[in-house]
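Just so you know, the sequences run in chain order A and B.
Residues 1 to 111 in the numbering used here are what the first sequence lists, from first letter to last.
Residues 1001 to 1117 in the numbering used here are what the second sequence lists, from first letter to last.
Treat the hints as calculated values from the structure; they're not laboratory data.
It should be emphasised that the depicted structure is a prediction, and the values quoted were computed from it without experimental measurement.
Mixed in with the good hints there might be a few duds.
[To be verified] Listed next, the in silico DSSO-like pairs over lysine-lysine satisfying Cα-Cα at most 27 Å (straight line):
(1) A:Lys2 with A:Lys45
(2) A:Lys45 with B:Lys1017
(3) A:Lys45 with B:Lys1057
(4) A:Lys42 with B:Lys1018
(5) A:Lys42 with A:Lys79
(6) B:Lys1018 with B:Lys1057
(7) A:Lys2 with A:Lys42
(8) A:Lys2 with B:Lys1057
(9) A:Lys79 with A:Lys45
(10) B:Lys1017 with B:Lys1057
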Amino acid sequence: RKEVEQDPGPFNVPEGATVAFNCTYSNSASQSFFWYRQDCRKEPKLLMSVYSSGNEDGRFTAQLNRASQYISLLIRDSKLSDSATYLCVATRTVTGNQFYFGTGTSLTVIP
Amino acid sequence: EADIYQTPRYLVIGTGKKITLECSQTMGHDKMYWYQQDPGMELHLIHYSYGVNSTEKGDLSSESTVSRIRTEHFPLTLESARPSHTSQYLCASSPPGPSGVPPRTQYFGPGTRLLVL
Chain A
1 RKEVEQDPGP
11 FNVPEGATVA
21 FNCTYSNSAS
31 QSFFWYRQDC
41 RKEPKLLMSV
51 YSSGNEDGRF
61 TAQLNRASQY
71 ISLLIRDSKL
81 SDSATYLCVA
91 TRTVTGNQFY
101 FGTGTSLTVI
111 P
Chain B
1001 EADIYQTPRY
1011 LVIGTGKKIT
1021 LECSQTMGHD
1031 KMYWYQQDPG
1041 MELHLIHYSY
1051 GVNSTEKGDL
1061 SSESTVSRIR
1071 TEHFPLTLES
1081 ARPSHTSQYL
1091 CASSPPGPSG
1101 VPPRTQYFGP
1111 GTRLLVL
């Protein structure tokens, strides 16, 4: 089973719509969580961290449910520029690799 | 903006050639990583390093090798390139932190797009 699983989409939504992405992680020892954004043919870039109490950054809201091992990202009032792939990431302290990326969810915002 | 660089950005090369993909960062990060990513597909970790003279293989088996002689430099080498090595290679780094706590984030370089004919 993969450490981090996401619905690959694609999600095609009209401008102004609200869209939600979900992600689950398999290892309860995971400590920190992030959402990254990757534009087509570009490198991933950190979008926001995910805190247990939930956090908001402008139109973006991230939620974490440790009991269900579930992370979400909500985008309100979608813009054309939001079109990208959104990667869910979990990290934990182990002797080996510490970052676990999901496969990504593709979003296209349509005019 | 993160100061992590990769060269070349694009490389087209014939089968059997030896190639080295360069990655360097000027942020003093101790941890560095190499990922392979095909178009529209997920990231696969192929190598990582937690400091000078420390290298480990990642989750995806790769015929490439890496070295970490200097903190800022983490080159990846393919001794004999093959068409199956055609892909995008992304280098990343993350800063040091308290013991027992995973890094806060990774910073990615712009990637090298490799085409082996």
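Sort out whether lysine 45 of chain A lies within 27 Å of lysine 2 of chain A, counting only the CA atoms. It holds: about 22 Å lies between the C-alpha atoms, which stays within 27 Å.
Given the proposed pairing of lysine 45 of chain A with lysine 1017 of chain B, does the C-alpha separation stay at or below 27 Å? 32 Å, violated
Decide if the proposed pair is consistent with the structure: lysine 42 of chain A and lysine 1018 of chain B, CA atoms, cutoff 27 Å inclusive. 25 Å, holds
With the threshold set at 27 Å, check whether the alpha-carbon distance from lysine 1017 of chain B to lysine 1057 of chain B stays at or below it. Given pair lysine 1017 of chain B, lysine 1057 of chain B holds - Cα atoms ~22 Å apart, limit 27 Å.
Are lysine 42 of chain A and lysine 79 of chain A close enough, with their CA atoms no more than 27 Å apart? 19 Å, holds
Given the proposed pairing of lysine 2 of chain A with lysine 42 of chain A, does the C-alpha separation stay at or below 27 Å? Holds, at roughly 24 Å.
Check the hint pairing lysine 1018 of chain B with lysine 1057 of chain B against an upper bound of 27 Å on the C-alpha distance. Roughly 20 Å separates the two Cα atoms, so the pair holds.
Has the given pair, lysine 2 of chain A with lysine 1057 of chain B, been kept, meaning a C-alpha gap of at most 27 Å? 18 Å, holds
Next pair to validate is lysine 45 of chain A with lysine 1057 of chain B; report whether the Cα-Cα distance is within 27 Å. 23 Å, holds
Hint consistency between lysine 79 of chain A and lysine 45 of chain A [alpha-carbon to alpha-carbon, up to 27 Å]: With a Cα-Cα distance of about 18 Å, the restraint between lysine 79 of chain A and lysine 45 of chain A holds, given a limit of 27 Å.
Checked against the numbered hints given earlier, this structure breaks only hint 2.
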